[in-house]
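Trainee: Taking the hints into account, I'd like the entire structure generated from these sequences.
Protein chains in written order, with the working numbering: chain A, 214 to 627; chain B, 3 to 126.
For the record, the hints were derived by calculation from the structure and aren't laboratory data. Keep in mind that the hints are not guaranteed to be accurate.
To be verified - The calculated label-pair distances, taken between Cβ atoms and stated as ranges, are:
id : chain 1 : residue 1 : chain 2 : residue 2 : range
1  : A       : Gly380    : B       : Leu48     : 39 to 47 Å
2  : B       : Gly102    : A       : Ala624    : 23 to 31 Å
3  : B       : Val41     : A       : Pro381    : 34 to 42 Å
All values derive from a computational prediction rather than experimental measurement. The beta-carbon is built from N, C-alpha and C at its ideal position, and this holds for glycine as well.
These are the residues of each chain, in order.
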Amino acid sequence: MSTRTSLDTTTCRADFPILNRKVGGKTLAYLDNAASTQKPEAVIEALTDFYRKHYANIHRGVHTLSEEATVAYEAARDQVAAFIHAPDHRGVIFTRNATEAINLVAHTWGRTQIKAGDRIVVTLMEHHSNLIPWQQLSEETGAELAYVSVTDEGHLDLASLDQHLNGPVKMVALTHISNVLGTVNPVEEIVARAHAAGARVLIDAAQSVPHLPVDVEAINCDFFAFSGHKMCGPTGIGVLYGRPELLEKMPPFLTGGGMIERVEREKSKWADLPMKFEAGTPAIAEAVGLAAAIDYLKGVGMEAIWAHEQELAAYAWEQLSEISGVRVIGPPAKGRSGVVSFTVEGVHPHDLAEILDSEGVAIRAGYHCAHPLHQCFGLPPTARASFYLYNTRREVNRLVAGIRQAQQLFAIKR
Amino acid sequence: MSDLYRENILDHYGNPRNEGVLENPDISHERQNPVCGDVVQLDIKLEDGRVKEARFRGQGCVISMASASMFTEKIKGKTISELQELDEEDIFDMLGVELGPSRVYCGVLPLKVMQEALAELEQD
Numbered sequence: 214m215s216t217r218t219s220l221d222t223t224t225c226r227a228d229f230p231i232l233n234r235k236v237g238g239k240t241l242a243y244l245d246n247a248a249s250t251q252k253p254e255a256v257i258e259a260l261t262d263f264y265r266k267h268y269a270n271i272h273r274g275v276h277t278l279s280e281e282a283t284v285a286y287e288a289a290r291d292q293v294a295a296f297i298h299a300p301d302h303r304g305v306i307f308t309r310n311a312t313e314a315i316n317l318v319a320h321t322w323g324r325t326q327i328k329a330g331d332r333i334v335v336t337l338m339e340h341h342s343n344l345i346p347w348q349q350l351s352e353e354t355g356a357e358l359a360y361v362s363v364t365d366e367g368h369l370d371l372a373s374l375d376q377h378l379n380g381p382v383k384m385v386a387l388t389h390i391s392n393v394l395g396t397v398n399p400v401e402e403i404v405a406r407a408h409a410a411g412a413r414v415l416i417d418a419a420q421s422v423p424h425l426p427v428d429v430e431a432i433n434c435d436f437f438a439f440s441g442h443k444m445c446g447p448t449g450i451g452v453l454y455g456r457p458e459l460l461e462k463m464p465p466f467l468t469g470g471g472m473i474e475r476v477e478r479e480k481s482k483w484a485d486l487p488m489k490f491e492a493g494t495p496a497i498a499e500a501v502g503l504a505a506a507i508d509y510l511k512g513v514g515m516e517a518i519w520a521h522e523q524e525l526a527a528y529a530w531e532q533l534s535e536i537s538g539v540r541v542i543g544p545p546a547k548g549r550s551g552v553v554s555f556t557v558e559g560v561h562p563h564d565l566a567e568i569l570d571s572e573g574v575a576i577r578a579g580y581h582c583a584h585p586l587h588q589c590f591g592l593p594p595t596a597r598a599s600f601y602l603y604n605t606r607r608e609v610n611r612l613v614a615g616i617r618q619a620q621q622l623f624a625i626k627r
Numbered sequence: 003m004s005d006l007y008r009e010n011i012l013d014h015y016g017n018p019r020n021e022g023v024l025e026n027p028d029i030s031h032e033r034q035n036p037v038c039g040d041v042v043q044l045d046i047k048l049e050d051g052r053v054k055e056a057r058f059r060g061q062g063c064v065i066s067m068a069s070a071s072m073f074t075e076k077i078k079g080k081t082i083s084e085l086q087e088l089d090e091e092d093i094f095d096m097l098g099v100e101l102g103p104s105r106v107y108c109g110v111l112p113l114k115v116m117q118e119a120l121a122e123l124e125q126d
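Mentor: What follows is the structure, encoded as structure tokens:
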């Protein structure tokens, strides 16, 4: 082993109650972390503790509980800002998830800044969440939607990016880490090139923030979106980070209570950031839960988590590549995230997932909300194993054994 | 081992019945399952208002392909109105297994293909 990580999997696993449960009589091997992650006791406890002792609606409540809830909610915002190195907590908007965060930008920034003839650049490796909002915007405005291509090895083709940047480009929206290929995109370099071309940049960080240290100031992007549930946090809470000077000029996304400063019969004045973008009662307990998740991840150490996942991904890549009939998709073993997608000749991924499930191994099968990528690679639906801090080499071995078992069962010539 | 993969299902997957296409079919329709990309094309030839012959062509998992194979046998001899009465329960009975929420779409794909085809037939 090249680097000894400080991550102790045995200790980590004990923090996650669900990892004790059996599936099909076998201990659960949860390898579907790119879809969503399990929750440590600390997060579950933070949620119940908040509901048991401190819960009330936030803002403008003068009573004790409302003040406690408001303090906890705003502390969660500060916690998020510090975690991603956001220079200004006013730029941290709580949303439902990354999808809602991206929709917020496409609807408000997009519909005021994009017009016919403009160009929006996405990549062929986007999750649908960072594709459909831009596709819709392009359809409505008449703006062009251009795709940065992906090399055979699974990297973004930067020459293709440069081509698209040469012209009336207004927005470059791309993923930090591919949810299918595990490719880590050179976002700092891409942001620099896009800015030089006069474009704004949105980073879909749903697959990066949970897994490695991120610094939005260093990345220097304009918008940055991620989901709480993929980083040990609750469902229903996500984050949009935006440059405050841009957010200030954008119209609100949803309107109603909580996002106004003054309301008259005919018109209203919007509240200051970040409240302008948080209409209605937000996910208060979930924000508190997300803060607990961040505390937990910081305690384990993001560097250690990343090193652990890279090591597991490389091990899985090697083990899977040794099975005849298995094709691993995406870049080679080194430097990729803990997402490993593959096909097994003669075994449909649904059937593979079913067999693995009966062995207690949870993986995902299908297009992983990335149809254009599968089309571009001429790929059938794929199977995907994705790792997190609590996964082990032993679980990779169980994955490999399950694949061999499925190959035997379906060894039928059609 | 998952009890989905019973012998009869694996048999229909490995030795599909009525696989292929028909010349000049009275009904021909294809549908893709958007979640997993499974595709089934169903061709039906009618005679005296009943299914004389049915063939399928497709790509997909064991469940969708076995279901399509069994389905071509099941619908043979049925009238259009009998075809219209078929529902998901009939598919579960045919397969002999209960499908969980994630696999229902695989199993009922051939049924959906036929239902879409019949709806189009009615419009014509």
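Trainee: Against each hint, give a clear statement of whether it holds in the structure.
Mentor: Hint check results:
no., hint, result
1, A:Gly380 x B:Leu48: 39 to 47 Å, "56 Å, violated"
2, B:Gly102 x A:Ala624: 23 to 31 Å, "25 Å, holds"
3, B:Val41 x A:Pro381: 34 to 42 Å, "39 Å, holds"
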